[in-house]
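K.L.:
For this one, chain V is given, so just place chain E on it according to the hints.
The listed protein sequences derive, respectively, from chains V and E. Using the working numbering, you'd call the opening residue of the first sequence number 2 and step up by one each time. Using the working numbering, you'd call the opening residue of the second sequence number 2 and step up by one each time.
Source of the hints: derived by calculation from the structure; they are not laboratory data. Any given hint might turn out to be false.
The list treats identical chains as one, so a pair stands whether inside a single copy or across any two.
Unchecked claim - Calculated lysine-lysine pairs in the DSBU-like style (CA-CA distance at most 30 Å, straight line):
| hint | residue 1 | residue 2 |
| --- | --- | --- |
| 1 | K3 | K96 |
| 2 | K73 | K145 |
| 3 | K24 | K145 |
| 4 | K72 | K180 |
| 5 | K24 | K96 |
| 6 | K154 | K179 |
| 7 | K180 | K73 |
| 8 | K72 | K145 |
| 9 | K96 | K180 |
| 10 | K12 | K154 |
| 11 | K184 | K145 |
| 12 | K73 | K184 |
| 13 | K52 | K3 |
| 14 | K96 | K145 |
| 15 | K24 | K180 |
| 16 | K3 | K154 |
These numbers come from a predicted model, not from an experiment.
Protein chains: 2
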Amino acid sequence: MKNILDRNQNKANEVRNLLASRKVLMVNIISSPGAGKTTLLERTCEALASKFRIGVIEGDVTTDRDAQRLKKYNIPIVVINTEGGCHLDSHSISKVLDSFDLDNLDVLFVENVGNLICPSQFDLGETFKLAVVSTAEGDDKPDKYPMLFREAKAVLLNKIDLIQYTNFNHENFTRDLKKINGKILQFDVSCTRGDGLEEWFKWITDQISHLTSEPEAYF
Amino acid sequence: MKNILDRNQNKANEVRNLLASRKVLMVNIISSPGAGKTTLLERTCEALASKFRIGVIEGDVTTDRDAQRLKKYNIPIVVINTEGGCHLDSHSISKVLDSFDLDNLDVLFVENVGNLICPSQFDLGETFKLAVVSTAEGDDKPDKYPMLFREAKAVLLNKIDLIQYTNFNHENFTRDLKKINGKILQFDVSCTRGDGLEEWFKWITDQISHLTSEPEAYF
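This is chain V alone, in the form it adopts within the complex (with noise of 0.2 Å):
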């Protein structure tokens, strides 16, 4: 296992210099199965594919259904099925970069396999990792699987349209999450409802914009 997170390693360095020579930010989107990943990044298309060129990389167990639903944006976009694997690593990441032309790129995402566990030790040599949570997978998740939330440089926590309807306690959340990262940002957000995607698309806005050598705001 060790050999095989050192190759993985290394591999990931190879990833982080070539992206960052060619000034393209790369998010790491990790979540369980049905967090919300792609209804983010459909959101996140919408607003910001006219400011930025956006790249997807989406890591599926089988099918591409997840690359279907962003198809209408017009970006490009890999499915990776990992075949049963779950998780991406730096090596199929490696591999299908060649598809991008990343002169003309300016951010990145790369959709993980649905899986809060095992997608959290392998780095893909991304600028950062994102974590999404849905207020319907309770309030301990933060507790329960740390591995993700200590890697991770921001949390959205989705489906906040869902918390009247559940027992998810807000505060416990925010606690244990800060407890666990002191410096993990939180967004609290509806993909589908669109409450505090704004916040999200102005820092998301930040991060691209602060690589790439023509800043330019969101707003």
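P.N.:
Here is chain E on its own, set in the frame of chain V:
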């Protein structure tokens, strides 16, 4: 990987033979994080702990939070912390079976680590696998994560009380599910509100009674 799975299978066969000789039903419960496995066990203990001798193995990445929730039912519970591992295997199950008095047990529920992918590849020696999915996760889960649904004997579609607030298409879910596994049973339930649970109690009662020497109807 093949080697690991072969060794796991041999030990799983041992576990299965041991449990069969003691007439203990073992249910391997698999779902995404936060689909409702522990709440299902709470409701099931409340309904059946006076009828059957229930034991629980709690698989968790780090904490014993789920086990704490079940303490009040005064049943034997063993926690397996995988220390970051993404699934239980038959060796970990075999090791903790000694902690149970198998001659005084009718059913052993194993709450696997919250993960739709890896746990479905590791036979634990269970009598059958039970899948739990929440309506909040979306109707595309059977198609996107077919391995579990191919293997499971039954699926509990949980949080049916939330379906009205989501875009979950019940017809599509059932159609995809049956395409993957024509024999799988589907129970629509809400483990918090109680919808559909009587049917589940009746069915699991039948499964336990069928195995134990002294069949006893739930109703």
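K.L.:
Are the hints correct? Go through all of them and say.
P.N.:
Cross-check of the supplied hints:
| no. | hint | result |
| --- | --- | --- |
| 1 | K3 <-> K96 | both (22 Å within a copy, 25 Å between copies) |
| 2 | K73 <-> K145 | between (37 Å within a copy, 20 Å between copies) |
| 3 | K24 <-> K145 | neither (35 Å within a copy, 33 Å between copies) |
| 4 | K72 <-> K180 | between (39 Å within a copy, 26 Å between copies) |
| 5 | K24 <-> K96 | within (19 Å within a copy, 51 Å between copies) |
| 6 | K154 <-> K179 | within (12 Å within a copy, 40 Å between copies) |
| 7 | K180 <-> K73 | between (40 Å within a copy, 28 Å between copies) |
| 8 | K72 <-> K145 | between (35 Å within a copy, 18 Å between copies) |
| 9 | K96 <-> K180 | neither (37 Å within a copy, 33 Å between copies) |
| 10 | K12 <-> K154 | within (21 Å within a copy, 41 Å between copies) |
| 11 | K184 <-> K145 | within (19 Å within a copy, 33 Å between copies) |
| 12 | K73 <-> K184 | neither (36 Å within a copy, 37 Å between copies) |
| 13 | K52 <-> K3 | neither (41 Å within a copy, 48 Å between copies) |
| 14 | K96 <-> K145 | between (33 Å within a copy, 23 Å between copies) |
| 15 | K24 <-> K180 | neither (33 Å within a copy, 45 Å between copies) |
| 16 | K3 <-> K154 | within (25 Å within a copy, 36 Å between copies) |
This entry does not satisfy hints 3, 9, 12, 13 and 15, going by the numbered hints stated previously.
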